[in-house]
Amino acid sequence: MLSWAIILLFALVAGLVLKFSHVKHKFTLVLFVLFVLFLFASISVVSKSNDLELDSVEGIFDATKFYFSWLGSGIQNMKRIAGNVINFDWEPEIPETDLFNLSEIAIEKTESLVEKINE
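Residue numbers for the sequence shown follow my numbering, beginning at 16 and rising by one.
Honestly, I wouldn't trust all of these hints.
[Stated by the list, open to error] Below are the BS3-like pairs computed for lysine-lysine, each with C-alpha atoms no more than 30 Å apart in a straight line:
{"#": "1", "residue 1": "K94", "residue 2": "K80"}
{"#": "2", "residue 1": "K80", "residue 2": "K63"}
{"#": "3", "residue 1": "K94", "residue 2": "K63"}
Calculated from the structure, these hints are not laboratory results.
Whenever a hint applies, use it, and build me the whole structure from the sequences.
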């Protein structure tokens, strides 16, 4: 219940600031709100899925270590995916016979155009 109260309070404060600030500050605030919501949701998921104890200082330190380990492995996975996308062969697979036929067709069309021009 406390987590929903924190989210509601945060949303109300963000709404008030959005109402009374300039456009540049609104964009920054929206990014900040999205970051805080991501942080809150990810900490909640990690703590619930791994039964982390947040009642003591030692439990909070252990949870922090576990969270940053989880976050770091997620970043490493994104780096691997980006590397695989960069190294992917994006050129279409056209057999050499098709390329040869395409070049012959282009030569024939060019020759016919040259003949029409010369007439």
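Non-conforming hints, listed in increasing numerical order: Violated hints: none at all, because every hint is consistent with the structure.
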